[in-house]
Each structure stands twice: as C-alpha cells, then as structure tokens.
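**Student:** Listed below are the residues making up each chain.
Number of protein chains: 2
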Amino acid sequence: MSRWPLPEPMQRALKLAHQAALAGEVPIAAVLTQQGRIVAEAHNSPRLSHDPTAHAEINVIRAAASQLRQERLEDCDLWVTLEPCAMCAGAIAHARIARLYYAASDPKGGAVEHGARVFDQKQCLHVPEIYAGLGEEEAAGLLRSFFAQRR
Amino acid sequence: MSRWPLPEPMQRALKLAHQAALAGEVPIAAVLTQQGRIVAEAHNSPRLSHDPTAHAEINVIRAAASQLRQERLEDCDLWVTLEPCAMCAGAIAHARIARLYYAASDPKGGAVEHGARVFDQKQCLHVPEIYAGLGEEEAAGLLRSFFAQRR
Chain Z
1 MSRWPLPEPM
11 QRALKLAHQA
21 ALAGEVPIAA
31 VLTQQGRIVA
41 EAHNSPRLSH
51 DPTAHAEINV
61 IRAAASQLRQ
71 ERLEDCDLWV
81 TLEPCAMCAG
91 AIAHARIARL
101 YYAASDPKGG
111 AVEHGARVFD
121 QKQCLHVPEI
131 YAGLGEEEAA
141 GLLRSFFAQR
151 R
Chain W
152 MSRWPLPEPM
162 QRALKLAHQA
172 ALAGEVPIAA
182 VLTQQGRIVA
192 EAHNSPRLSH
202 DPTAHAEINV
212 IRAAASQLRQ
222 ERLEDCDLWV
232 TLEPCAMCAG
242 AIAHARIARL
252 YYAASDPKGG
262 AVEHGARVFD
272 QKQCLHVPEI
282 YAGLGEEEAA
292 GLLRSFFAQR
302 R
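Protein sequence lines correspond, in order, to chains Z and W. Numbering-wise, the first sequence is residues 1 to 151 according to my numbering. Numbering-wise, the second sequence is residues 152 to 302 according to my numbering.
Next comes chain Z alone, as it looks inside the complex (with noise of 0.2 Å):
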C-alpha cells in the first residue's frame, strides 16, 4: 500500500508551522498558489511583529496582494494548516481566492465548519471551493506536541 502524497503545497505549510513552532508562535502556517505556482508563504506571527491580525492566512494573504499589486486574489487558492478563524475567514473571501485547502479542524477557534460558520452566512459575498483533512494528522500533532511542552 502506498499512502497519497500531500500535495506539495501543503508539505511546504507544514513545515513552515514546525518552523513557527520553533520561533515560538503557535504552530500554524499558509501557502498561497497561483496556477500551481507558490506566490507567499508565511507562518503565524503575532507575538514576533507586535500583530494580533498576524495568523498565517492574514500575513499571506497580505504578502500576495502586495506583490501581485491587486487586491483580490481570485485566481489564487490557500493552503492552510488549521481550520480558519473568523477572521481569517472573512479575509479569505474579501480577497476571494479561489479555493481553500485546510488540514485540521478546530472546534475551539475554527469559523469554517464551527462557530461563526462564515462561509455559510447569507451576507457572505464570496465562498471558496473548500477542502478539508489533508495533512490532519500531522498539522493537528505539531499543535499538541507545541501546547504540551508549555504546559
């Protein structure tokens, strides 16, 4: 039996989160592509840049805006190691990239399938194609791994 490669951008967000992990952010990272092709990538920040906006899909999004020099992101798709929060969702429809990839979910914080369920709002002008579970396993460890050496 061989197991399903993560497609790679996904691999590439995990191992930006180990990263994060140990720059002592949370463990939680994004890649964003376009046609296939990898424009930002980022990990989670807020503590290293003084921002509680800097969850990995702000600082992403925000990268690849600025260097594509437009503000909606519609031929670009997201690639993310946890479920996005309600902030995060309502960024990844006001740039409306295309589609989400998200690896765990997350009942504590998650918007997409939990709480706040963004995406399923009326007044929510775009909804990305979404994919959930590639890579759970691994996004949702790096996270436990993380709280129990805090504890």
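It is worth saying that the hints were derived from the structure and are not from the lab. Everything numeric in this text was worked out from a predicted model, so none of it was measured. Careful, some of the hints might be misleading.
Claimed, not checked - Here are the simulated lysine to aspartate or glutamate pairs, EDC-like style, with alpha carbons at most 20 Å apart:
1. 122/Z / 271/W
2. 273/W / 120/Z
3. 259/W / 120/Z
4. 122/Z / 264/W
5. 273/W / 129/Z
6. 108/Z / 271/W
Dock chain W against the given chain Z, drawing on the hints supplied.
**Tutor:** Just chain W now, with coordinates in the frame of chain Z:
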C-alpha cells in the same frame, strides 16, 4: 435644545472616513484610544494599499499594536464608523479590545449584530463592551453619497 456632542474619537473617525472617500476608498474609518488618548487612526485602504485585509479596524489595530509593541490591546478602545465585518470582529477579539464603539450598523456586511455574529459565538475568547449608534446618521450619509456618486 442642544444636541449631545459626539465623543471626540468618533468625530475624528468621521473626518477620516470623509478623507477616505476623497481618496477613492469606501468611507469607513477607525480610531484607537488608550485611556482617552488617540493612539492610532486609519481609514479603509484596500485599493490604495493593494490589501484586501486593509479595513479601517485592521489598519488601526496593526498600527497601535506595532506602536505599543504589544500583541494585545487590553486597555484600548476602538471607535469605527461602521459595524465591523467578520474579519474585523475577529481581529477585535484577538486584540482583546476593551470597548467597541461604532456608528452605523451594516446589515449587508456587519458581523456584530448581523450575519456571523462573531461575539455571540460560545468559542469567542474575548467580547468587548459594545456601544452602537454614535454618529450613525453622519456615517451612513457618507456611505450613501459615496455610492450614489459612483452609480
């Protein structure tokens, strides 16, 4: 009869929202105060800054957190001319803003009293004190004339 004057931070936010319109951005602005003193102010700027996350609230939270060199703004209040969207309500919770004052409510995009109702979710880690309706006529008027001119 004398009219109760708007608190100074909201007056300032309304002025900034007017400036946003002159710059071609949707007229929404925010001011962040710490113990009554203005720490940061910003208008909506997604077009000018090529950043879909550049709503007034995100801009002002990032500026204040950077200036104060702290991830959390626990002793700060946020004054904004429109009901925050899901992205911004999430950011306000992450930043641990003490009090949220907003002018007009926004049935189309607001996520405080509409849609995702971010602060009403059990998972929401921080809920600010919320005061709505200060200067709502002025704030809504700015938006109405901005969109009327663009039609």
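**Student:** Look at each hint and say if it fits the structure.
**Tutor:** Consistency of the hints with the structure:
Straight-line distance between C-alpha atoms of residue 122/Z and residue 271/W comes to about 17 Å, which keeps the hinted pair within the 20 Å bound. Our distance criterion of 20 Å between C-alpha atoms is met by residue 273/W and residue 120/Z, whose separation comes to about 17 Å. A threshold of 20 Å between alpha carbons decides the hint, and for residue 259/W with residue 120/Z the separation of about 14 Å falls inside it, so the pair holds. For a cut-off of 20 Å, the pair hint linking residue 122/Z to residue 264/W stands: about 14 Å separates their Cα positions.
Taken as a hint, the residue 273/W and residue 129/Z pair is broken in the structure, with Cα atoms around 26 Å apart against an allowance of 20 Å. Taken as a hint, the residue 108/Z and residue 271/W pair is honoured in the structure, with Cα atoms around 14 Å apart against an allowance of 20 Å.
Hint 5 from the list above is the single one not met by this structure.
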